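Chains A and B, in that order, give the protein sequences.
Okay, so the first sequence: first residue is 1 according to our numbering, each after it adds one.
Okay, so the second sequence: first residue is 261 according to our numbering, each after it adds one.
Rather than coming from a laboratory, the hints here were simulated on the basis of the structure.
Treat the hints with care, as some may be off.
No more than 27 Å apart at the CA atoms, straight line, and that leaves these computed lysine-lysine pairs for DSS-like [stated by the list, open to error]:
1) Lys119/A / Lys296/B
2) Lys222/A / Lys296/B
3) Lys296/B / Lys125/A
4) Lys222/A / Lys393/B
Not close to chain A: a few residues of chain B, all C-beta gaps over 10 Å, as computed [to be verified]:
5) Tyr279
6) Ile288
7) Leu312
8) Gly318
9) Gly327
10) Leu366
11) Leu375
12) Asn387
13) Val405
Label-pair restraints from in silico Cβ distances [unchecked claim]:
14) Thr170/A / Asn387/B: 27 to 35 Å
15) Thr304/B / Asn150/A: 31 to 39 Å
16) Ala345/B / Ile256/A: 45 to 53 Å
17) His82/A / Met314/B: 39 to 47 Å
18) Val320/B / His82/A: 51 to 59 Å
19) Val320/B / Phe232/A: 24 to 32 Å
20) Val325/B / Gln249/A: 23 to 31 Å
21) Asn150/A / Glu384/B: 47 to 55 Å
22) Gln249/A / Ala285/B: 35 to 43 Å
23) His328/B / Phe144/A: 47 to 55 Å
24) Gly343/B / Thr230/A: 54 to 62 Å
25) His25/A / Asn387/B: 55 to 63 Å
26) Ile256/A / Asp415/B: 38 to 46 Å
Note that the structure is predicted; figures quoted are calculated from it, not measured.
Glycine is no exception: its CB is placed at the ideal position from the N, C-alpha and C atoms.
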Amino acid sequence: MSTPNSPTLDKHSSALDAAEAAASHLITVTLRVRRFNPEVSDQAEWVDYQLPIDPKERVLDALHKIKWEIDGTLTFRRSCAHGVCGSDAVRINGRNRLACKTLIKDINPEKPITVEPIKGLTVLKDLVVDMDPFFQAYRDVMPFLITKGNEPTRERLQSAEDRERFDDTTKCILCAACTSSCPVFWNDGQYFGPAAIVNAHRFIFDSRDEGGEQRLEILNDKDGVWRCRTTFNCTDACPRGIEVTKAIQEVKRALITRRF
Amino acid sequence: MSTDITDAVELTGSSVAPYSPENPAPVIEPPRARTKRTPRSSRTNFEMYGWLFMRLSGVVLVVLVIGHLLIQLVLDGGVQKVGFAFVAGRWASPFWQYWDLAMLWLAMLHGGNGLRTVINDYAEQANTRVWLKTLLFTAVAFTIVLGSLVIFTFDPNIR
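Make a model of the complete structure from these sequences and hints.
Right, dumping it as structure tokens:
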């Protein structure tokens, strides 16, 4: 028997305790990922992965763990991994979220966590979808400053109140979580979708911009704002907390007040 | 290359198509995606007026329909009183004729436009859309014409 008060042993056991404590707060979660590889099969399938993970980590960390340690063929998009670039919008437990902003502990890790690609866009592989139709709708609303006349010799000034008018819609990161949560978009991708309307709103209500009329005319299209059914899926899905449905309603109101 | 694929089929002995990096399966596409060539509709306000009509006619229909239900089913002895004589009595007054006419037109157009948006939202193929909408418009037009005809040519002395 060694002496219980030996300093080396004490140190060793406390290090061991720390290691055990570190390991004990890891939990085992099941990630159920919707996988599709056109080079192997024409069908998508659910694949379960079990992994130990700290519940305070994010779904993106779990996806990384799978890709780096379990199955390197898992394909998904991510860039900044901190909720700014908008690359990793996926459907987690049936709701559109950013994988990098969703903590494991917040989505009931006792049940399998489902991860699917966002709906309404062509699935290319696993969680990667073709974003071209989404960005086409964005381009179609002309998301850039339109002015008439000569350029001023100094910057275009704007009051704080005028800036506040469209502040909410400047937060958009174009992750497509809203557009791909919209039931109208799921079935008819020719609808502009919430994200394009939000980005049109950002310029329509900007006091410096003079292309509002053109943009309103574009959104008056048969695939424009009138296809919105006010289901609020987009507002619920937005990882930036933009009141998307409210922005769409404001565009509708602007179209109506412009005519009457 | 092609012989390799046939070999693979024979080896596995299944009818599953042999997908490979050179011969990938078709990707899973959504119906009706937006492209650069997505047709721009003619610049009309039809959809806006349709949207406004739904809101306004909805408000008017609440009054018309609840009033209609009260008169037919609740007041003055309830549904038992409704018969040929009751209808003839009401339609003797132009007020009730126009009440029923407004209800018929607004309800048919409101419901028809609602179904039109449902078809637009849910029918995937262009052909399906055309046929469903043709059927819908025919049914709406037929009901409106027949109803209006009955209201104005109603003769209580029919034998």
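If any of the earlier hints don't hold here, list their numbers in rising order. Hints 5, 6, 7, 14, 24 not satisfied by this model.
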